[in-house]
Structure formats: C-alpha cells, structure tokens
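Protein chains in written order, with my numbering: chain E, 1 to 218; chain Y, 1 to 403.
Among the hints, erroneous ones may be present.
Claimed, not checked - Quick list of the computed label-pair ranges, beta carbon to beta carbon: (1) A257/Y <-> P136/E: 20 to 28 Å; (2) R69/E <-> P246/Y: 30 to 38 Å; (3) R382/Y <-> G177/E: 38 to 46 Å; (4) Q244/Y <-> A191/E: 52 to 60 Å; (5) R343/Y <-> L199/E: 31 to 39 Å; (6) Q129/E <-> A253/Y: 33 to 41 Å; (7) T156/E <-> Q201/Y: 54 to 62 Å; (8) G198/E <-> G275/Y: 44 to 52 Å.
What the hints assert, rightly or not - Coverage of chain E stretches by chain Y, computed from C-beta distances (three or more under 8 Å per stretch; other residues unrestricted): (9) 11-24; (10) 77-86; (11) 109-117; (12) 128-135.
The set of hints was computed from the structure by calculation and includes no laboratory data. Predicted, not measured: the structure shown is a model, and the values here were computed from it. Backbone N, C-alpha and C define an ideal beta-carbon position, used for all residues, glycine too.
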Amino acid sequence: MPPGLRIVIAEDAAIMRDGLTQTLTRRGHHVVAAVADAESLRQAVGEHRPDVAIVDVRMPPTHTDEGLRAARAIHEQWPEVGVLVFSQYIETQAAADLFSLAPAGVGYLLKDRVADVGDFVDAITRVAQGGTVLDPEVVRQLLSAGRRRDTLAGLTPREREVLSLIAQGRSNAAIAGTLFISPKVVEKHVASIFGKLGLAPSDSDNRRVIAAIRYLES
Amino acid sequence: MEPYAGIVLQDAYGWVRRHPRAADGLLAALLLAASAGQLRLSPLSAALAATSVSALLAATVIVRRRDPLAAFAAVALLGAAQLAFGIHPGGGGPPVHALEPTMADLAIAVLLYTLAVYRPRRISLAGLAICLLGAAVAVARWAPVHAAHAGGLLLLAGAGLGAVVLAAWVLGDSMAYRRAYYGELEDRLAVAERARELQEQRARAVDESAARLRRIERDLHDGVQVRLAALAMNLGEIKENLEQAPGDDRTLALVGAAHRNAKDTLAELRDLARGIHPPVLDRGLGPALAILAGTSAIPARLSAAITERPSPAIEAMAYFCTAELLANAAKHSGASQLTIGVREQDGGLVVTVADDGDGGARLVPGGGLAGLLERVRTVDGRLGLDSPPGGPTLVTVELPRHA
Chain E
1 MPPGLRIVIA EDAAIMRDGL TQTLTRRGHH VVAAVADAES LRQAVGEHRP DVAIVDVRMP
61 PTHTDEGLRA ARAIHEQWPE VGVLVFSQYI ETQAAADLFS LAPAGVGYLL KDRVADVGDF
121 VDAITRVAQG GTVLDPEVVR QLLSAGRRRD TLAGLTPRER EVLSLIAQGR SNAAIAGTLF
181 ISPKVVEKHV ASIFGKLGLA PSDSDNRRVI AAIRYLES
Chain Y
1 MEPYAGIVLQ DAYGWVRRHP RAADGLLAAL LLAASAGQLR LSPLSAALAA TSVSALLAAT
61 VIVRRRDPLA AFAAVALLGA AQLAFGIHPG GGGPPVHALE PTMADLAIAV LLYTLAVYRP
121 RRISLAGLAI CLLGAAVAVA RWAPVHAAHA GGLLLLAGAG LGAVVLAAWV LGDSMAYRRA
181 YYGELEDRLA VAERARELQE QRARAVDESA ARLRRIERDL HDGVQVRLAA LAMNLGEIKE
241 NLEQAPGDDR TLALVGAAHR NAKDTLAELR DLARGIHPPV LDRGLGPALA ILAGTSAIPA
301 RLSAAITERP SPAIEAMAYF CTAELLANAA KHSGASQLTI GVREQDGGLV VTVADDGDGG
361 ARLVPGGGLA GLLERVRTVD GRLGLDSPPG GPTLVTVELP RHA
C-alpha cells in the first residue's frame with residue numbers, strides 16, 4: 001500500500017462526507033479538508049494542494065453541475081492535483097467533456113461505487129497518481145450507443161471486454177488480472193482492437209483511454 | 001349641439017336602466033297626469049271613482065315586471081269593463097263615468113309591450129290578439145255615437161288604436177330578441193372567460209407538477225440515494241473486515257447479501273429517479289436530447305435549433321416524448337438510422353423523430369403512440385404520424401412554449 005494520500009473531499013451531504021472521511025482515514029489516508037460547496041473546495045485545494053480531490057457534481061447553491069465546473073477549474077489551475085468527480089447519476093456527455101479537456105489525473109465515478117470500498121479506494125489512488133478512471137456504467141452506455149455499432153460489431157466479445165476495461169482506465173496489468181489472462185494476450189487484444197477501430201496505438205495508458213473515449217463518444 | 005343631446009339621451013337611458021322601478025313609477029305618474037281631466041267631473045264621487053280606475057291602470061305599470069301576465073290580465077279586464085260599461089252605443093252620456101276610456105288606457109299598450117318582452121311569443125301573441133279585438137270592439141261601440149261623422153274618421157281611429165297596439169307588441173318582441181341575444185353574448189363571454197381561467201389553472205397545475213417531480217428527483221438523489229450509498233459503503237467495509245478475519249462464514253454470507261441488495265437498490269433508485277426527471281434537463285433540452293441521441297440503440301442524429309428555453313414542464317414533455325419515440329423505433333421500426341429534430345415554430349416547439357424503417361406504424365388505443373398523444377394533449381399539443389407501409393416513418397410532436 002502506498003503511503004497515505006492527501007485528500008480533499010467536497011460533498012454537501014454530511015453523511016457521505018463523514019463516511020468517506022472515516023473510511024479513507026481508516027485506510028491510512030489523510031483527509032486534509034472536507035467541505036460542502038464548490039467555493040470552499042477551490043480554497044481548500046489552493047491551500048492544501050492535495051494529491052486528489054473528490055468532488056460531488058451537485059452542490060449548493062444551484063445543485064446542478066457546480067462540482068463539474070469546479071473540477072475543471074481545479075484541473076486547469078493545478079494540473080498536478082487529481083480530480084475524481086463523483087456523481088449521483090450518469091451523464092455521459094459531462095464525463096466525456098471532462099476527459100476531453102484534461103487527460104491525466106481525472107476520474108468520473110457514480111456515487112454508488114463507494115459500496116465496493118476496495119475498488120473505490122483503488123480508483124482514488126489511480127487518479128492521485130495521474131491515472132484515469134471512468135465509471136463502468138458510462139463505458140457500457142458508450143459501447144451500447146448506436147453510433148459505433150457497425151465497427152464495434154467487428155470486435156470479438158473478448159475484445160469488447162478489453163475495450164470496456166481500457167475505457168475505464170485500466171492498465172494492461174489490471175486488465176490481465178481482471179480477465180485472468182496473461183499481459184501478453186492483453187497486448188495482442190489491444191493491438192487488434194486499435195487496428196480494427198483505426199486508432200493509432202499508444203504506449204501511455206492515459207492517451208489510450210482518451211483515444212478510446214473520443215472514439216466512442218464522437 | 002348634437003353630441004351634447006346624444007350624451008343627455010345616453011345619460012337618461014342609462015338612468016332608466018339603472019333604476020327600473022323609479023322609471024316605471026315615473027311612467028305611471030305620467031299616465032295618471034294625462035288623465036287628470038277626470039277630476040273636473042262632477043259630482044266629486046264620480047271624479048274620485050274615475051281617478052281610482054286610472055290609478056288602478058297606472059299601478060299595473062309599476063308592478064308590470066314582477067308578474068307581466070297577471071298585470072296584463074288586470075288591465076285587459078279593466079279594458080273589457082270599460083268597453084262594456086264606459087261606452088254607450090245608444091248615444092248620450094255613458095252610464096258609468098268612472099269607466100270611460102282615458103289616456104291611462106295607454107297602460108294596456110305598456111303591459112302588452114311588457115308581455116312581449118318577458119313572456120314567450122305565443123303568450124304575447126295571444127295578448128296582441130286580445131288587444132286588437134278590444135280596439136275593434138271599441139271602434140264598433142263608438143260607431144253609433146259618432147254616426148254623424150264620416151266613416152273615414154272611424155277607420156282612422158281604429159287604425160290608430162291598432163297601430164299603437166301593434167307597435168307596442170313589435171317593440172316588446174324585438175326587445176325580447178335583443179335581450180336573448182345579449183344574454184347569449186354574455187353566456188358566451190362567461191364561457192370564454194371560464195375557458196381562459198381553466199387554461200391558466202391547467203398551466204399552473206402542469207408547471208407545479210413538473211416542479212414537484214423535479215423536487216422528488218432531487219430528494220431521491222441527494223437524500224435517499226446518498227444515505228443508501230453510505231449504508232452500502234458501511235456494509236462493504238464490514239464485508240472486507242470479515243473477509244480479512246475469516247471465521248464467521250454465516251455472517252459474511254449475510255453481510256454479502258445485504259451489500260449486494262444495497263447496490264441493486266441503488267441502481268434501481270437511479271433508474272427510478274431518472275424516469276421521474278432526468279437531471280440533464282436542468283442544462284436544457286438540447287443537451288438532454290443529445291444524450292438521448294447518444295445512447296440510442298439505433299444510431300441517431302440530432303439537429304436542435306432552440307433560441308429560447310421553453311418552460312420546464314414542456315422541456316420534460318419533449319424529452320419524454322423523444323425517449324418514447326426512440327424506444328418505439330428501436331422496438332418496432334427495423335430502422336438503421338434515426339433523425340431527431342427540435343425547432344421553434346409559430347411560438348411553439350416542434351419535435352420530430354424520423355426513421356428509415358419499415359413504416360406502417362399506427363395509432364392504436366392503449367399503444368405507445370396513443371399514450372404519447374394523450375400526454376401531449378394535456379397541454380394542447382398535437383401529434384402527427386406519417387408512416388406508410390414500407391416506410392419511412394415521421395412522427396411530429398407540436399408543443400406550446402408554455403403549458
């Protein structure tokens with residue numbers, strides 16, 4: 001386990017804010033600030049420069065997309081701070097926008113994901129380390145949308161699984177672990193997928209994610 | 001001068017309309033005054049008796065509106081008595097001075113007029129017949145008395161009486177017609193006013209219900225869902241702790257089931273909330289429809305041209321209509337391409353969904369399209385369906401900008 005991350009939480013529901021703080025603290029992380037609105041979030045991030053900020057999409061005053069806008073602003077001003085946007089519901093468009101702007105150190109997860117604490121903390125860690133995390137449900141919707149049905153139909157079921165994991169921001173090693181296959185086989189699948197979709201191969205996990213998401217979203 | 005005279009006339013008419021009882025009293029007084037010559041009769045008792053008859057005639061004018069038929073019957077009876085006893089065909093003085101016809105008999109014309117205004121035409125026509133008959137009898141009774149005069153004069157007197165009676169009836173009848181006409185106008189106005197009121201009430205109800213749905217969605221997302229997520233997180237942690245310190249497999253299984261349940265409930269809750277009010281609608285119809293197009297099972301193109309946002313209720317309706325039409329197309333059309341259009345037209349909103357599928361879609365009772373039509377109608381919207389066998393299909397939904 002890496003040394004504790006320094007985390008800022010912005011979440012207006014006290015029960016979730018406190019729950020997250022306790023859970024993350026129990027796992028050896030440091031919640032340096034836990035705030036309830038976007039303005040306090042910006043101040044806290046400016047003051048603490050955390051490894052990662054966990055940001056609720058809907059916060060006061062309008063409860064619409066304050067969190068999303070704050071996340072983009074933070075990522076532009078302090079690119080070294082990872083931002084994990086945390087949403088009550090899926091907004092494919094908002095997620096895609098977030099990723100198109102800032103490829104590294106960004107995450108978009110449904111709030112439901114806190115239920116699987118281990119996976120959730122893992123996602124926070126990946127974002128803090130400059131990785132990319134996209135909610136599996138968002139990826140599922142992107143894959144099931146009709147736009148790319150014809151080309152996606154050319155992929156084998158295994159390749160579709162791999163593509164889904166790529167879009168979620170998984171590394172080759174993580175994909176190998178999830179699908180119980182060797183990293184070599186994963187590499188083969190990735191090359192095949194990118195070839196079939198006409199995408200340029202990429203060594204960087206992040207750029208790979210962005211390519212996949214842009215392709216699915218376009 | 002003329003405008004001034006017109007104003008005076010208008011004022012006088014207005015006063016009469018506002019004070020019908022006073023006007024009737026004034027008319028009665030005029031009739032009584034016109035027959036004031038009777039007071040010169042002698043002896044005094046005869047003068048008083050004659051004046052009483054005139055007063056009786058005049059009094060019917062005062063009560064004419066209360067019971068036109070009874071008042072008319074009263075003057076008709078008095079008139080008949082006058083014909084019988086007030087005119088002496090044999091010449092010389094009438095046997096009963098008091099029953100001599102006078103100017104007060106104009107009350108008969110007033111009452112006929114009243115009958116024509118307030119009672120059905122068949123009744124007023126009967127009244128007219130009685131009056132004409134009375135006039136004829138009067139002329140016939142006078143004839144021997146005035147035998148010395150030329151027949152032409154008698155004819156003239158008869159025609160005069162008849163004309164007065166006829167004029168009274170015609171005036172009354174046309175007044176009745178006018179009253180009916182104005183009454184109908186007022187009714188129509190009241191109906192139009194009521195319709196406008198109902199429309200406003202409905203618009204308020206539609207807006208209110210849209211706002212309430214949005215609040216419910218928020219309460220679900222920001223309240224229930226967050227609590228449930230926190231609960232699922234706790235269960236998840238308990239599960240992980242139990243897994244790290246094995247031993248109690250039964251508790252682990254129970255916690256595992258509870259954890260799964262909580263997660264499934266979260267997913268269901270999310271779908272439920274989205275069905276109530278998709279949060280993306282807060283950003284406008286364009287972005288919301290873009291998401292629908294982006295997640296459509298059949299590839300969909302969207303062309304949105306909206307300069308001014310419609311009311312939230314209308315936005316929600318346009319969104320749900322489009323969602324339904326996309327789902328319909330995916331299920332039945334066999335199409336490979338969809339086109340969603342939304343534009344402004346004549347101050348309203350037009351949403352179109354076109355597909356290149358098999359066509360032959362119909363509005364059947366209880367079907368999806370019929371349900372859509374029902375929904376659209378609640379805001380006076382319209383639904384057009386063009387779907388010849390073999391396709392293509394075009395569904396047009398027209399909505400007002402506000403409910």
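Each hint, compared with the structure:
no.: 1; hint: A257/Y <-> P136/E: 20 to 28 Å; in the structure: holds (22 Å)
no.: 2; hint: R69/E <-> P246/Y: 30 to 38 Å; in the structure: violated (46 Å)
no.: 3; hint: R382/Y <-> G177/E: 38 to 46 Å; in the structure: violated (57 Å)
no.: 4; hint: Q244/Y <-> A191/E: 52 to 60 Å; in the structure: violated (39 Å)
no.: 5; hint: R343/Y <-> L199/E: 31 to 39 Å; in the structure: holds (35 Å)
no.: 6; hint: Q129/E <-> A253/Y: 33 to 41 Å; in the structure: holds (35 Å)
no.: 7; hint: T156/E <-> Q201/Y: 54 to 62 Å; in the structure: holds (60 Å)
no.: 8; hint: G198/E <-> G275/Y: 44 to 52 Å; in the structure: violated (37 Å)
no.: 9; hint: 11-24; in the structure: holds (count 7)
no.: 10; hint: 77-86; in the structure: violated (count 0)
no.: 11; hint: 109-117; in the structure: holds (count 7)
no.: 12; hint: 128-135; in the structure: violated (count 0)
Taken one by one, the earlier hints fail for this structure at numbers 2, 3, 4, 8, 10 and 12, listed in ascending order.
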